[in-house]
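Chemist: Okay, here's what each chain looks like letter by letter:
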Amino acid sequence: MNVIFTVIFFLSLTVIAFTAPDKLLSSLLGGAENAAKMALTLFCIYAVWLGLSRLAEKSGLSQAAAKGLRPLSRKLFKTENPKALENIAMNLSCNLLGIGGAATPYAVKAVKELDKDGNEYAQKLLFVINATSIQIIPTTVIALRASAGSAAAFDIFLPSLICTVISTSVAVLLYFAVNKLWRT
Amino acid sequence: MAYVIPVIFILVFGFSVFRKVKIYDEFTAGIGEAVKFTFSLLPCLAAVFMLCELFEASGLAAAFTKFLSPVFGALGIPSELTKLILIKPFSGSGSLAYLNQVIAENGADSYITRCACVCFGSSETVFYISAVYFAGTKVKKLAVPIIIILASTLFATVIACLLCRIM
Numbered sequence: 786m787n788v789i790f791t792v793i794f795f796l797s798l799t800v801i802a803f804t805a806p807d808k809l810l811s812s813l814l815g816g817a818e819n820a821a822k823m824a825l826t827l828f829c830i831y832a833v834w835l836g837l838s839r840l841a842e843k844s845g846l847s848q849a850a851a852k853g854l855r856p857l858s859r860k861l862f863k864t865e866n867p868k869a870l871e872n873i874a875m876n877l878s879c880n881l882l883g884i885g886g887a888a889t890p891y892a893v894k895a896v897k898e899l900d901k902d903g904n905e906y907a908q909k910l911l912f913v914i915n916a917t918s919i920q921i922i923p924t925t926v927i928a929l930r931a932s933a934g935s936a937a938a939f940d941i942f943l944p945s946l947i948c949t950v951i952s953t954s955v956a957v958l959l960y961f962a963v964n965k966l967w968r969t
Numbered sequence: 055m056a057y058v059i060p061v062i063f064i065l066v067f068g069f070s071v072f073r074k075v076k077i078y079d080e081f082t083a084g085i086g087e088a089v090k091f092t093f094s095l096l097p098c099l100a101a102v103f104m105l106c107e108l109f110e111a112s113g114l115a116a117a118f119t120k121f122l123s124p125v126f127g128a129l130g131i132p133s134e135l136t137k138l139i140l141i142k143p144f145s146g147s148g149s150l151a152y153l154n155q156v157i158a159e160n161g162a163d164s165y166i167t168r169c170a171c172v173c174f175g176s177s178e179t180v181f182y183i184s185a186v187y188f189a190g191t192k193v194k195k196l197a198v199p200i201i202i203i204l205a206s207t208l209f210a211t212v213i214a215c216l217l218c219r220i221m
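Protein chains in written order, with the numbering used here: chain A, 786 to 969; chain B, 55 to 221.
Check the hints yourself; a few may be wrong.
Coverage of chain B stretches by chain A, computed from C-beta distances (three or more under 8 Å per stretch; other residues unrestricted) [said to hold, decoys possible]:
(1) 93–100
(2) 103–110
(3) 123–134
(4) 169–183
In case anyone wonders, no lab produced these hints; they're calculated from the structure. Even glycine gets a Cβ: it sits at the ideal position worked out from N, Cα and C.
If we strip away everything but chain A, and leave its shape as in the complex, we get (with noise of 0.2 Å):
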C-alpha cells in the first residue's frame, strides 16, 4: 500500500504542478470533504448494522449461523478461532443475502481476530471474497434502472448472477494456486 499510494501520488503531484497548480490544494482539501462525508455515511449504516449484530451475538443466534457454516469455512480459511469463525460466517450469510453495509463489518472483526493468531492467509482470503462481490442481487442496479424508464430491469439479474460467481470463483482458485506456488 506504501508503495502504491506513494507512485500514484508522487506522479499525479507532478502532472498537476505543469497542468494546473492552483487545484491541487482545491483537490487534496475535496478528497478529505468526501472522506468526511464518506465516513458519516458509513457510520450510519454501521450503526444500524453493528445495534443489531451485537443483539445477534447476545441472543445466540450468530453462534447458531457459525455452527451451520463451520465445517466449511474451517476448512477454507485453515482457522480454529471461534470468534473469527462466528465473524466469517456472519459475514459470508450477509454478503449471500445482497446486504453489504452489514458484511463490511464482520468482516474487520474476522480480520481483526485472524490478525491475532497472525493467519494472514485467511485474512487475505476474506478480503479476496469480499472484494470480488459475492452477491446475489443487484437491489441498486435495478432500482437505477427501473428508474430510468427500463421495460425489464430485472433482466440483468441472470447475467450478473453469472459474473460475480465467476469473479469470485476465480479469484479464490487463483488465491489457492498461487498459495500452492509459493509453498512449494
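Start from chain A and add chain B according to the hints.
Modeler: This is chain B only, laid out in the frame that chain A set:
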C-alpha cells in the same frame, strides 16, 4: 426481496426477547462499536480519497482512460465503460455517478447500459475495502491479492459484455 431485511430484524429482535437480552443496552453498545469503528477508518479514508481526487484533477485519470480504451476494446468491452471500470476500484460514489450518466445518455435498455449495470453490480471498490479491512493490522503485503482481485474482475467484465450480447 424487499422482505429479507424486515424478516432479519424481526427474527433477531424476536429471538433476543426470547433469550431475555437487554435489548436497549446491547443495541446502544453495538452503536458504540460503530462509533469507534468509524473513527478508526477516518485516517485511511481521508488519505485514499485525497489520492483519488488528486489523480482525477491532475488529468492522469483521463489520460489513463484514453490509453486503455483500445486495449479494453480489443477484449470486447465498449469504450463507454472504460471510465466506469477504472473508477470502480477507487470510488463507489464516483462510479455510481458515472453509471447514472451512462444510463441517462444511452437509455435504460441499451446494450451499453445493461453492460454497465452488470459490471457495476459484479465489482467492488477494492482499494477502499483494502483500506478498511486492514487498517490497524499487521498485514502489509497486499499487492498479490489486489492483483488477483482486479484480474478476476476484469475477466468477469469481459464475460459480462459477452453475456449481455446474447441474453
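Chemist: Evaluate each hint against the coordinates.
Modeler: Hint check results:
Only residues whose C-beta sits within less than 8 Å of a C-beta in chain A count toward coverage, and the stretch 93–100 of chain B has 4 of them, enough to reach three; the restraint holds. Only when three residues or more bring their CB closer than 8 Å to a CB of chain A does the claim for the stretch 103–110 of chain B stand; here the count is 8, and the claim holds. Beta-carbon proximity to chain A at under 8 Å applies to 0 residues in the stretch 123–134 of chain B; the threshold of 3 is not reached and the given coverage is violated. With 10 residues having a Cβ less than 8 Å from any Cβ of chain A, the stretch 169–183 of chain B passes the three-residue criterion, so the hint holds.
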